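J.: Listed below are the residues making up each chain.
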Amino acid sequence: MEAFFVLLAIPLLGGPCLWLLGDRNSAPEVNSGFSLATFAASAWLTAEVVAGGPVTAWGEQFFVDALNVFLVALTAFVGFTTSLFSRPYMRIEREKGRMTGPRLRLYHSMYQAFMFTMLLALTTNNMGILWVAMEAATLATVLLVSVYRTAASLEAAWKYFILCGVGIAQALFGTILLYFAAERVLGAEGNALLWTHLALVKGDLEPAIMSLAFVFLLVGYGTKIGLVPLHNWLPDAHAEGPTPISAVLSGLLLNVALYSVLRCKVLADGALESRFAGNMMMGFGLLSVVVAAFFLSRQRDVKRMFAYSSIEHMGLVTFAFGMGGPIANFAGLLHMTVHSLVKSAIFYAVGHATQKAGTQVMEDIRGLMKASPTVGWGLMIGTLAILGMPPFGVFASEFLILTTAMREHPWATPFLLLALGVAFAAVFSRVQPMVFGDTHLKPLAHQPALVPVFVHLGLGLMLGLYIPPYLAAWYAQAAKLLG
Amino acid sequence: MSPLVGQVINLFAAVLLLIAFAMLAQRRIVTLIHLFALQGLALVGSTTTVAFATGQHHLYWSAGITFALKVVILPLILHRLIRRLNVKWDIETLINIPTMMLVGILLVVFAFNLALPISQFSQSIARGTLGIAMACVLMSFLMMITRSKAVPQVIGFLAMENGLFFAATSATYGMPMVVELGIALDVLVGMVILGVFMFQIREQFDSLDIHHLEKLKED
Amino acid sequence: MAQIASLLAIDGALIVVAGWLAIGVAGLAALHNVRLVGRLLFPLSALLSVALAGIALLALPGTPQTAVLAIGLPDLPFHLRLDALSAFFLALLGLASAGISVFAGGYFRQGEGTPPGLLCMHYHLFLASMALVLLADDAYAYMVTWEMMALSSFFLVTTNHRIAEIRKAGYLYLLVAHVGAIAILLCFGVLQANTGDYTFANMRAQHLSPFWASCAFGLSLFGFGAKAGILPLHIWLPEAHPAAPSPVSALMSGVMLKTAVYGLIRVNFDLIATPLWWWGTIALGLGLATAIFGVVFAAAQVDMKRLLAYSSIENIGLIVVGLGLAIVFNAYRMDALAALALAASLYHCLNHALFKSLLFLGTGSVLHATHERSLGKLGGLMRFMPFVAWTTLVGVIASAGLPPSNGFVSEWLLLQSFLFTGELPNPYLRMLVPVFAAGVVLVAALAGYVMVKFFGVIFLGRPREEKLAQARDADGLERLGLAWLTAGCLLLGLFPVAVLEVIDPITVAMVGKGLAQSGHAGDWLMLAPVSAERASYSPLLFFLLTLSIVLVAFALVRRFYHGRVRRAAPWDCGFPMQTARMQDTAEGFGQPIRQIFEPFFRMRRELPSPFDSAPRYKVTVEDPMWAWVYLRIAAVTEAASRLVGLLQRGRISIYLLYSFVTLVALLSLTQL
Amino acid sequence: MNVEGLLAQITALLVALAGAPLVMGWVNMCRAWLQNRAAPPLLQPFRLLHKLFWKESVIAHDASPLFRVAPYVVFGCMLLACMIIPTLSTNLPLAPAADAIALVGLFGLARLFISLAAMDIGTSFGTMGARREMLIGFLAEPAFLMVLFTASLISSSTSLATTVATLAHREFAIQPSLAFAGIAFTMVSLAENARVPVDNPATHLELTMIHEALILEYSGRHLALLEWAAALKLFAYSCAGLAIFFPWGIAEARDHVALLWALPALAVKLAAGGFALALIETILAKMRIFRVPEFLATAFLLGVLALLVHLLLGA
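Residue numbers (this note's numbering), protein chains in the order written: chain A, 1 to 483; chain B, 1 to 219; chain C, 1 to 672; chain D, 1 to 315.
None of these hints come from the bench; they were simulated from the model.
Please note that a few of the clues may not be correct.
Computed from the model, here is a short list of chain B residues facing chain C with C-beta under 8 Å [said to hold, decoys possible]:
#	residue
1	Leu114
2	Phe141
3	Ile145
4	Lys149
5	Ile210
6	His212
7	Leu213
8	Glu214
9	Glu218
Just the calculated beta-carbon pair ranges, DEER-fashion [to be verified]:
#	chain 1	residue 1	chain 2	residue 2	range
10	A	Leu481	C	Ser209	47 to 57 Å
11	C	Arg558	D	Leu42	25 to 35 Å
12	B	Ala14	A	Gly187	58 to 68 Å
13	D	Phe290	C	Glu622	55 to 65 Å
14	D	Glu171	C	Leu556	43 to 53 Å
15	C	Arg564	D	Leu42	41 to 51 Å
16	C	Ala568	D	Val257	53 to 63 Å
17	B	Ile95	A	Gly187	15 to 25 Å
18	D	Pro176	C	Glu423	18 to 28 Å
19	C	Arg558	D	Leu6	21 to 31 Å
20	A	His440	C	Pro624	35 to 45 Å
21	A	Leu481	B	Leu116	27 to 37 Å
22	C	Ser209	D	Glu171	50 to 60 Å
23	A	His440	C	Asp473	40 to 50 Å
Quantities reported herein were computed from a predicted structural model and do not represent experimental measurements.
For every residue, glycine included, the Cβ atom is placed at its ideal position computed from N, Cα and C.
Use the sequences and the hints to build the structure in full.
T.: What follows is the structure in structure tokens.
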């Protein structure tokens, strides 16, 4: 109860506080402090769940179960490490003149606001509030994407805003339809949008309405997940915004959007009693994986490339959830977790690399290993991890997804094989010369924050070899919930 | 519940649809804003009628917010915007208007077909409204696709919200209050941010033509 | 005593693995300390290798042992199992790596890219992951260690990453390895038959329909073939081997390729209960094609390590031929013959591990002494590096498959198994298989050609460059490594009966029958896998006879005549201006092969005209698989990505249209 | 191992050592007659060997120990080959040490050493000779093995003794497979022993020679050993061919009388074979070196064909 309150109150307070604080020299540290406090609160909440099982609060407006508890912890954790990373990153940006005082003020306050929306979306029990939080997340980040005020960043932000806005509007229509269906069963009161209530009566929801609702919700939230062909905002926004924002977009926003779809899928599955929702997700997932893989092979900008890689991975996860079943769902949840950790780690490393090189064009970044072995190894290991090399967790989930797909949907495996092969070829051929070889890069003015990189990669490594029992239990429970 | 109320709501729905068509066909930005305000007004009317008919008091609040936001504030902001940015015309649509109208009609048929099987479940007074709401959403979508300047695109976006709101109020007697407040807040903040954006874009490109925003691509 | 040893064998193997990992970590701690890494850590690791080989050999005849590690997926901790097959390959790993590690201790020096400590870490990670691959008893453990193996060897290959070519070679290697790994993963996906249980024990228990079993076979052939270098997936091998430092090439070629063979055997003889006969013909065909391709290309190479790489491809081809034959026999339940073919393959694995490692290490010494890899710039090293030359000669004889070396024994066994195909029930196979036998013989003979070229051009003749006269022979640790492998080659060649007794439990486990050898075990001298009347070969007798004839002849010549020798200049045909550069070159040596097998090659020649003041002759031989397969794949990918690129042209209206169309399409779907 | 076996083995050894130069001399005699020349005496090869053994060995400055070891190894290989081929008797105690495949391997080993030795000096001729020798080898070896396989399949054994014993005990029948194999074998033998049409043993014209190029740098006792080894090789091939295709008169286990008869039988067969060889060498012209692969490929093909014909017709 209190944990919810603290968890949401800290970032909610943090936003205005940092706005007031402005561009004082201590702002990055304060930002990290708020993030740390949030992380502590999430740990508290997690501990409560570990101790006592699912929790609800405030007249059931908030709740935490196996499906979102680890996402809450993960979100708070990545939020915290990203804030650590952004300290030296933003200082260097400021010295380079790319960030100014007002922009930093905007950045820090919006960072906290974004964290708030993420946590709100995760913990709310109300499908309507979920929608509100998702929309607010877009609004919080859109100005950050354009924070450099370059033509490209403006364009990226505009596309982000319009495409996600339109997409999320569809999700609202879906939510209305959901309400429309629920109202008949639960009555026209505030509870009709509470997920816990909906889940209890999901079998009674009208299938005809629910199928329409799910389509709207999938298209809506799917836009935020970056499912092909709704993905077009994603590479632009990742490439043009500041790197910490790319990291949280990839590491958090996509996860939360996918989480929203999963909540809807549970309801749709219950109502439809067919594989309609699953098939649709499989289709989207597969298309995303394949198309993103081919996009990967034509990239020149490093952040853009890793943005496409996020699309690919989100596609894979969507495909896994589409397949359903305990193993695939388990794998999907694991993949969400590890992708978030590893991809953000990659963005941290990439952030420093691009600052060193002064460009995001990969052909101009060479020999990181020589210029700065830690950044080089961070990028190399991160890339290998994200490409599904064991013993990292990405591999563990890909292993489960592919082996399951092989028997349940063998038609899909050639596509997956093709896509993973192409993706590997594309990404690795670009990262390898960035990391190895000779260099002309110079050291940075500030010590780069590499602890987050290696902590994330270490966690990713751990999840490939050892999944803590309670985490595994959550995954298993959530997998069961997802059906 | 009297059939009269149902007829009134249906009337408002028809007006909404008509305005949606008009917006699709409209070239002048100023007129577009007027039409948008008009649509908002129709929305307020229908919401009030529903509130009156069903006695759901929070719908009055909804109507009030809608009135404030969509009939007064947003059109004002938009007017200010176009005055400040000095854009009044939007000649270019990407597809010619008769074709667009044709596509619009097809969309309406499509939306009605989709809504037909589910509107029978509606306990609400006006069964056809869901189809109309969906048609409005889809037509606003179409409008956004076919406009090549920023402001009309935004108006399309807002019109889409109107359609959604109409669905929420008339088909389901309104969403829970918290949600509605949240939605309204989002729309407002969104508008502010959009305004900021417009200026930034204008400053950067000396124009609001979104053709300038086509640099980021795969080539 | 044996009881206790057998009981603890798997723990012993794990201790060795842990020891390797510890050495790796220690290397990381002593990042730039060459002396510590070279003089202490690598020799220590070699001791562990010997221990591993000993443990494995002790455990081989015993019952399978299992262990479960505390890591892995929640319901799937790492299952390990040490049975006869894995013990055999572990012994192979131990034997080969012992020599290689000692050699590596003397080989790695400062200033070659990656710091020595890091290299030591990668190297031992590589060793440990190979051992774990062989021990793994569930799909996840297998895949994790399999990819670790690929990854650590990738870093080893790119040790000298400043050079763009080496980076490219490493990239190609990892790419092929990764695609292959996905195929293996899918193969396991088939084998687990939707039970969600990924242990090998469960896979053994499944009875797959012929369709699914064939899928598994195809995937395993593709996946393991990518690692082993089966045509047309061999493409990375000739790039990666020259790029890697020599001990690494030795380890990759000698041991790592065998893990792929291990995988093929594990999947197709152990996990799949019912093989189909036509799998065997596919394996036979592919294997033979690989072998011929490999050996023909080896003959045309002018880079010594590349030559050895193609020769490895050839040997893998022969091994796969043996496996194919074993599958055919196994499918028809001709167990004794399947055992013979399988034993031949296994024996060849062991032999190839030793002699190819030996040859690669030999090239390593040459490379160190001369800094030259190109055959065109070597020559006459026998006089400056006699130790390396003589040990390499043993490897050369083995690689050429000539008696009394070990290479001959396995080829002999393979040919023996071919001669029994008359008993096959399928008439087509009866006709087809002898043709394959002819191909195998052709390959074996060509291997001799290749090896004469290899040895002759490097060690014989006169030095083609001035600097070669400064070449120094290998020293302490390097010599020890070479000597170890040489001894291995000789012993394996001279005592095949003992080796076959070791292999026996494996064939019993895999195809249900051992060789007849075990029946009359007393005859340790004579190798007669079926019966002495049918065929027999006694390498020791053979060797002693040859040796005694040579010695007697020598003694008699000295006794009856004299031993006078006069040194003089060689016969110059009356042309006094002879230089070392005028010797026949490696290109020249390969020329007849290039001519005979012309359609195989994509050749580009620059011929000098009679009027050139500085005439140049240049010939480049390209692997046709590049153009036939890989460039096409690249072109298709390129085209596809260009098409996909059209999706994103930057116009927001188009993007909105995508969303719109998607929405409408999905909504329409709900109406179906 | 029994006394008879030991006796047979020693006899075979002595017969080979003595018989090989004799066969060489006989072929040279026949050839001279056929070409209307005055023939050298039959024992001429022995005199040549004796002379060479007495001569001083001249060795190039750059020669490595391998160069000096090679002649002994080659000689040893060839002698061993003669000892395991059932020339007089199938009751050879050493025969199980090597079967048909090992026999081919043995020839291969000798070829490897002689080629390496030729490359050792570093003259163009040596390397060229080595290259050509290996070229012939890689085509001839499989063809030879195919011939042996055909015989092995008939007798279901690769052991030469068993094969010959089986073949000798069969009723006389025209065997198409053996006919093919016989032609293949003849072609291979010509190539392997450096005879016309592949090589000309009588010439020293540098650009066309193969065998002579290999041993160009050898002199004195080393050359003597190599010449003797060459004679032994011819003898071994002849005996192997005779044993497989004309297996009559070869003694079997514990048959003392037959062993006595085997020697004259072998002499007659060798005489006939030698004459046939001389005839071939007189009739045919030497072919260009680039035609040799085609020639040998034909032999290989015939060998495979023989194998297939056997499997197809069962004969």
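J.: Which hints from the list above does the structure break, by number from lowest to highest?
T.: 4, 6, 10, 12, 13, 15, 17
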